[in-house]
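With the hints as your guide, set chains B, C and D with the ligands onto chain A.
Residue numbers (the UniProt record's numbering), protein chains in the order written: chain A, 1 to 381; chain B, 1 to 381; chain C, 1 to 381; chain D, 1 to 381.
Be a bit skeptical, because a hint or two may be false.
No distinction is drawn between identical chains; accordingly, a pair holds when it is met within one copy or between any pair of copies.
To be verified - Pairs of lysine-lysine residues, derived as DSSO-like cross-links and limited to a Cα-Cα distance of at most 30 Å, are as follows:
#1 14 <-> 172
#2 308 <-> 54
#3 154 <-> 31
#4 154 <-> 331
#5 302 <-> 73
#6 73 <-> 340
#7 331 <-> 126
#8 77 <-> 24
#9 271 <-> 294
#10 302 <-> 225
#11 340 <-> 77
#12 31 <-> 172
#13 172 <-> 215
#14 73 <-> 14
#15 44 <-> 340
#16 229 <-> 271
#17 95 <-> 331
#18 122 <-> 77
#19 338 <-> 126
#20 154 <-> 44
#21 172 <-> 58
Everything labelled a hint here was simulated from the structure, so no lab data went into it.
There are 4 protein chains.
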Amino acid sequence: MTKKLTYGMVGGGKGSQIGTIHRKALNLHGKVELVAGSFSRNFKNTLITGRELKLDEKRLYNNYVEMAEKESKRNDKIDFVVIVTPNNSHYDIAKSFLENGINVMCEKPLTVTLNQALELQKLANKNNLLFAVSYAYTGYSMIRYARELVKSGKIGEVRFVNSQYISEWMAKVPFIGKVPRHEWRSDPDISGLSNCVADIGVHVENLISYVTNLKIHSLCARMDKFIEKDRLDDNASILVNYDNNSKGIYWTSQITIGHENNLNFGIYGTKGSIEWSQERANYLRLSTIDEPFKIISRGNDKVSDHIKDEYVAPGGHQEGYVEAFARIYDKFVDAIYKRKQGEILTPSDIDFPTVEDGVQGMRFVEKCLESSNQGGVWVNF
Amino acid sequence: MTKKLTYGMVGGGKGSQIGTIHRKALNLHGKVELVAGSFSRNFKNTLITGRELKLDEKRLYNNYVEMAEKESKRNDKIDFVVIVTPNNSHYDIAKSFLENGINVMCEKPLTVTLNQALELQKLANKNNLLFAVSYAYTGYSMIRYARELVKSGKIGEVRFVNSQYISEWMAKVPFIGKVPRHEWRSDPDISGLSNCVADIGVHVENLISYVTNLKIHSLCARMDKFIEKDRLDDNASILVNYDNNSKGIYWTSQITIGHENNLNFGIYGTKGSIEWSQERANYLRLSTIDEPFKIISRGNDKVSDHIKDEYVAPGGHQEGYVEAFARIYDKFVDAIYKRKQGEILTPSDIDFPTVEDGVQGMRFVEKCLESSNQGGVWVNF
Amino acid sequence: MTKKLTYGMVGGGKGSQIGTIHRKALNLHGKVELVAGSFSRNFKNTLITGRELKLDEKRLYNNYVEMAEKESKRNDKIDFVVIVTPNNSHYDIAKSFLENGINVMCEKPLTVTLNQALELQKLANKNNLLFAVSYAYTGYSMIRYARELVKSGKIGEVRFVNSQYISEWMAKVPFIGKVPRHEWRSDPDISGLSNCVADIGVHVENLISYVTNLKIHSLCARMDKFIEKDRLDDNASILVNYDNNSKGIYWTSQITIGHENNLNFGIYGTKGSIEWSQERANYLRLSTIDEPFKIISRGNDKVSDHIKDEYVAPGGHQEGYVEAFARIYDKFVDAIYKRKQGEILTPSDIDFPTVEDGVQGMRFVEKCLESSNQGGVWVNF
Amino acid sequence: MTKKLTYGMVGGGKGSQIGTIHRKALNLHGKVELVAGSFSRNFKNTLITGRELKLDEKRLYNNYVEMAEKESKRNDKIDFVVIVTPNNSHYDIAKSFLENGINVMCEKPLTVTLNQALELQKLANKNNLLFAVSYAYTGYSMIRYARELVKSGKIGEVRFVNSQYISEWMAKVPFIGKVPRHEWRSDPDISGLSNCVADIGVHVENLISYVTNLKIHSLCARMDKFIEKDRLDDNASILVNYDNNSKGIYWTSQITIGHENNLNFGIYGTKGSIEWSQERANYLRLSTIDEPFKIISRGNDKVSDHIKDEYVAPGGHQEGYVEAFARIYDKFVDAIYKRKQGEILTPSDIDFPTVEDGVQGMRFVEKCLESSNQGGVWVNF
Ligand SMILES: NC(=O)c1ccc[n+]([C@@H]2O[C@H](COP(=O)([O-])OP(=O)(O)OC[C@H]3O[C@@H](n4cnc5c(N)ncnc54)[C@H](O)[C@@H]3O)[C@@H](O)[C@H]2O)c1
Ligand SMILES: NC(=O)c1ccc[n+]([C@@H]2O[C@H](COP(=O)([O-])OP(=O)(O)OC[C@H]3O[C@@H](n4cnc5c(N)ncnc54)[C@H](O)[C@@H]3O)[C@@H](O)[C@H]2O)c1
Ligand SMILES: NC(=O)c1ccc[n+]([C@@H]2O[C@H](COP(=O)([O-])OP(=O)(O)OC[C@H]3O[C@@H](n4cnc5c(N)ncnc54)[C@H](O)[C@@H]3O)[C@@H](O)[C@H]2O)c1
Ligand SMILES: NC(=O)c1ccc[n+]([C@@H]2O[C@H](COP(=O)([O-])OP(=O)(O)OC[C@H]3O[C@@H](n4cnc5c(N)ncnc54)[C@H](O)[C@@H]3O)[C@@H](O)[C@H]2O)c1
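This is chain A alone, in the form it adopts within the complex (with noise of 0.2 Å):
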């Protein structure tokens, strides 16, 4: 009886919004245990947390530092450590990890500024560790068959591209009668120098680099502020060119009432396009030159046998945001285990968003900024 690979966590107390759902989402496929925690700047909480979650209380500390060192000196020390705390703190909780050896899963944006970024992907590498961000998009099924899709030039040379992240809570909040809870997205001093597009803009980048694999050349981009209160932007047009002279538009919005999560894009290529909405997680659009408009679904015969294999609910059941999620850490585990067990990997094993991704992420934010700053000029990228 092989031992379950075993996991810490930086954040996600009682209270917190994301870290339950990392937990769950690592719970799915059995394969991993939470040992280990620091989940709040109070001890008190990570106290609370840790039994609520049956942890052994030794290893609930007080702070990260003290739970980077004294895990790094364990014989069972924790394989991975999860980073789900707000964002200027992410840099200095990754380091403190990669420092003492442990491989880090870290949420999004990955920090504050490109060059802590850098930073983090040069010091991974150094240590030769594994970092993911949780880019969790990228994890569901049809995602990954769009990609395929793209590569095998179904719908052409891609052309153009329509992406949005668009959502409604930063406008609803007022008005629902509750002290927002996540008031720390508008305060520069915590969130850093964007709010919407570091918060979901950079999604829209993620998800349509590894659809389409385009880089980005230049852009061009407006930020607005729109609610009186906030002190960072809340919506952002932003007008793309690729290097291949291909073009696109990116919409971020948490101004958009109407709409709670509408991540989506349509790719437009000389003989086709797919679109996709996460409202309709489980099905593809795909339309080409001479043919009638298609609907693929997971349960059609024509997705790949190698995505299908990675259901989780069988085809024509709906699978949801926890079992992206949890695709993208099953294969983040089987890297660390592979590893462990002494395997070389390959590139196929590095089938999740990585520091990499994190670092264009912050680009993306910094070049956005350049723009906007300068009244939505062009700026190479």
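Showing chains B, C and D with the ligands alone in chain A's frame:
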């Protein structure tokens, strides 16, 4: 550090369909651990499956009889067993575990005859054991909210119900170039006297009963066998009269090419209607007499807090089949845990489909057969 | 410069519902002119309506008997009459015009009894007159293409049909604060022995017959009267067996709050299926065994050229109800014109619903009543 | 018996695209009659077309100059002319008729330069003639209701607009095996300096202006030419700033395979949003801060009575493109009629797109070119 509850599984061996989904659903909330199994009639398969799942080989059993007996004698015996074998074996297996004092989660259809189902019900009650049946669709948050809406009178008195579970796999099987794995479904020796009604028709019966609380008074069924080589029904149309003079149409099919697992309903009352489809499981369509049609999504403020508290993914992201399934299991596990702590269960603790629901399903199957075999006459329920 | 054909109308006076749509539909292609009318039982209304329509007052008649007789004696007599009065008067009015040698377009249900309908059929044939019935939905281009697809064998042999015409207006009437204009619909003296089946159920019967060419062999109907003050059926569920062993479910309702005029069908064959809904009238969903689901739109290249030649709006724009209606009229008008030119009509000229379809509709109503009145037994067609 | 108004047409000869739709739209309400035409540069085509339409051959003219002059001298001269020729001829033709005292309906883009458009505006005003431009989409009932909703404050202050007119025909043309009929569209000598923006981009500009009443303050446009053989833009992305600090993205394309004529918008305000798409032209999606998302259909009680009074098909049935077009014409015809009766027009009589809208369209085209030609800089409007 309290220990997790433990469970065993009968069926679900390598190559089988539904067992793995039970395991993922049970993983999701991280409250239970699989520790024992008789995954197949073939002990080699049980061994392979058990090893992959990293179980202690001492708890991999030759057959369910041995498993029930040996587990019942352990101090750390499993808290419940999950039965995911073909229909004809449910009765004997469930009986063994009930007789050995072990709680049961059994797949639907509960048995192959109504009498068997009634016996299991009696036995579970006599031995004071919890007995759940995996009607997983009642675990969707929007189904739970639909039930509340109906109860609250939002749509008035229900007049009419239209519900379908239509699918295509039986019609596609011969064409997809693979030996159909589930031949047993049209083999009366294994499946029982019905295929389509017993396999998916019972989900319609259970779902509508759950959401509306309507009791069937009489029905008129036409069961069809469209596919030549089929030996049992692959399609059925059922007119239903309820106790309160409301009426319904149920339609269940395995030959509707174009539908993967389209479970859906419309419930029409004196003041409004509610509609839902599994393909858009995170949304309800609510129409009332004097307002525009509304789309209620999981993220919406109107959804009751206690339903929201059970969300896995944040409102706005999609939850899928496994999340619904996990919710059913979560309620079942909580009830077992509570009782294990010596507490007394209240009716609200039994928030999962039980052996009573399983019995109703078998009654439904038998009544449909009774009607259809006489050429589609009306029979009392 | 050839003259346009001319027509007269009975019914359709100021304040009535459907007459004005007939006039718009007849206007669309600009081939005919309204020149005579008896728009109401009340001659004052006929005068007002006639003046608004800028008719010559000499051709505004006290009643349809006078109109039929006087028009028949004119050199420039109307080429056809349109009958848009309530159901119970269709028979007498149609008879008058047929006896006076004038072609007829009559609203559905054709009459109030099957016998009346058969008489009209005989009379039209005897007098060699064209007699159309305004089953307007068969005029949608996508319905015409669906018929071709079925005929071509694209979906194989039809196994099952599910079709609905569900609406809400009877359930909403008492709540919208206006006296319902159409009380006559639930008055047996005017409507005949059925309201819902005769009013909209016949559209389902006709539409499915048109698209599939299936003949009903037997049926089992449950007709309901849910609304207290109703005197006739407002909802009906009908199981249908066709001659070739295929089966169907028809559901027609006036109490399904949330549906305005949701006429739809799914037709499931051995190789595929076709689905259509009036709310997306410009699209067909086509599924076949070995391909992804397809959405065929009016603009699609696969649609037959002769169907495209009849488009009013260019492919890609939407055509609505009036365009469908106009297409039916266009075929009827062309046939009258051709015959007037002394040419002999071929079967393909009769590309509109005829008195035979009207007869089938009445047979359907009577058979549903026969079945339902005996408690929902099977009756042969 | 008052006589109908009469009109003439320039362009719209046999084989042309849009002229026939104007004629059907004008037929629908039965208020006007086509009596004169110069349908083509080729008089033979004019004769053929005129005969098919059963016109008096004396009023079929060699060219529009002759037509304008001769018609203006008749006692029964046409009440208005419809101009449906390619873009570069609009100016001269419109000028001729205005100079001869005849009201004009002209296709968009109004002219090929802003200056020409301004001249026409001046001339129409000077000669006190009515001049409409066929921005037909503003004729949809749901567009009219959307405008009312915005005006009423239902969605608060508008913050952001996203609007698209995306289509595929330019990308499909070389593949559909037919000579593309509309080569002139990418010929600068006929089309003007823009193809895509001038052809369909102006519809976006006009529609948003109509619904929101927002004035463009500045814009940044990127116009693309993706198809090799194209000589003008076939795609454009336009960032828009409005006077009141609200912002927008317009995207117009002829290369988005998979979209036939997908004109759509989302308008996001401080309290809610409205969304509409031509493919579901009979519905609005209305979202507000504190309520579930709503689908407003034409049949809904909330729609204003004066909008309902203009329905062609009863609520619940679909109205299409021709009905929208006919509504625009109906307003235009009513205004001409009223003035002809000697009455004075009030602003509310001018309920159709006018030469002012045409001028705005040309300004939009020129500003987009100005921005794009400099590499996508911001230019004031
Ligand atoms: N991938 C996604 O789709 C997604 C979604 C939501 C959030 N996020 C990202 O996840 C991160 C967390 O967001 P959230 O919404 O969960 O925030 P949150 O405020 O809800 O939770 C943050 C948690 O971190 C803890 N914390 C803060 N500083 C800490 C420290 N130094 N040591 C230990 N714990 C500490 C807090 O006590 C809290 O429990 C952010 O970077 C956010 O951008 C990503
Ligand atoms: N709730 C649902 O939506 C749903 C979905 C699918 C299947 N099911 C039900 O689940 C059950 C299993 O279906 P399946 O599709 O997974 O079937 P399957 O044939 O794929 O798997 C059955 C498994 O049971 C094992 N088995 C058979 N007899 C056994 C025995 N005596 N002891 C131990 N193992 C034994 C087989 O070796 C196999 O591994 C059926 O009753 C079916 O109706 C329910
Ligand atoms: N095809 C369809 O989809 C459709 C839709 C609606 C109605 N209909 C049918 O159309 C018919 C009319 O329905 P409606 O809703 O317009 O009814 P309505 O009550 O609105 O109008 C009926 C009109 O007929 C006139 N009329 C009655 N008796 C007359 C007579 N003897 N002579 C002259 N005029 C007379 C009335 O004055 C009135 O103007 C019905 O048979 C109905 O079933 C069909
Ligand atoms: N409102 C819309 O949605 C819409 C849609 C399509 C076209 N249009 C506009 O309508 C106009 C016509 O487009 P189309 O697609 O119908 O073009 P088309 O090429 O199909 O037809 C143009 C017609 O004009 C005739 N013509 C050309 N010059 C003439 C002249 N001097 N005198 C008389 N007739 C002449 C041609 O013979 C032909 O019959 C264009 O300006 C176009 O932009 C608008």
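Results for each hint:
1. In this homomeric assembly, residue 14 and residue 172 come within 30 Å of each other (Cα to Cα) only inside a single copy, at 24 Å, whereas the closest approach across copies is 48 Å.
2. Only between protomers do residue 308 and residue 54 lie at most 30 Å apart by alpha-carbon distance; the minimum there is 24 Å, versus 34 Å within a single protomer.
3. In this assembly of identical chains, residue 154 and residue 31 lie within 30 Å of each other by CA distance neither inside one copy nor across copies; the values are 36 Å within and 45 Å between.
4. Taking the shortest alpha-carbon separations for residue 154 and residue 331, only the intra-copy value of 26 Å comes in at or below 30 Å, while the best inter-copy value is 42 Å.
5. Taking the shortest alpha-carbon separations for residue 302 and residue 73, neither the intra-copy value of 49 Å nor the inter-copy value of 50 Å comes in at or below 30 Å.
6. Taking the shortest alpha-carbon separations for residue 73 and residue 340, only the intra-copy value of 17 Å comes in at or below 30 Å, while the best inter-copy value is 39 Å.
7. In this homomeric assembly, residue 331 and residue 126 come within 30 Å of each other (Cα to Cα) only inside a single copy, at 22 Å, whereas the closest approach across copies is 48 Å.
8. When the C-alpha separation of residue 77 and residue 24 is checked against a cutoff of 30 Å, the pair qualifies both within a copy, at 21 Å, and between copies, at 26 Å.
9. In this assembly of identical chains, residue 271 and residue 294 lie within 30 Å of each other by CA distance both inside one copy and across copies; the values are 14 Å within and 17 Å between.
10. In this homomeric assembly, residue 302 and residue 225 come within 30 Å of each other (Cα to Cα) only across copies, at 28 Å, whereas the closest approach inside a single copy is 44 Å.
11. In this assembly of identical chains, the alpha carbons of residue 340 and residue 77 lie at most 30 Å apart only when taken from the same copy (12 Å versus 34 Å across copies).
12. Proximity of residue 31 and residue 172 under a CA criterion of 30 Å is satisfied in neither setting, with 39 Å inside one chain copy and 35 Å between copies.
13. Taking the shortest Cα distances, residue 172 and residue 215 sit within 30 Å of each other only across copies (27 Å), while inside one copy they are farther apart (35 Å).
14. Taking identical chains as interchangeable, the C-alpha atoms of residue 73 and residue 14 lie at most 30 Å apart only when both belong to the same chain, with a minimum of 27 Å there against 39 Å between chains.
15. Proximity of residue 44 to residue 340 under the C-alpha cut-off of 30 Å is restricted to the inter-copy arrangement: shortest distance 29 Å between copies versus 34 Å within a copy.
16. For a Cα distance limit of 30 Å, the shortest separation of residue 229 from residue 271 across copies, 16 Å, qualifies, whereas the shortest one inside one copy, 46 Å, does not.
17. For the homomeric pair residue 95 and residue 331, the shortest alpha-carbon distance inside one copy (23 Å) is at most 30 Å, but the shortest distance between copies (41 Å) is not.
18. In this assembly of identical chains, residue 122 and residue 77 lie within 30 Å of each other by CA distance solely inside one copy; the values are 23 Å within and 51 Å between copies.
19. For the homomeric pair residue 338 and residue 126, the shortest alpha-carbon distance inside one copy (19 Å) is at most 30 Å, but the shortest distance between copies (51 Å) is not.
20. Taking CA atoms no more than 30 Å apart as the test, residue 154 paired with residue 44 passes in neither setting, with 55 Å inside one copy and 44 Å between copies.
21. Taking CA atoms no more than 30 Å apart as the test, residue 172 paired with residue 58 passes in neither setting, with 42 Å inside one copy and 56 Å between copies.
When held up to the earlier numbered hints, the structure conflicts with 3, 5, 12, 20 and 21 and fits the remainder.
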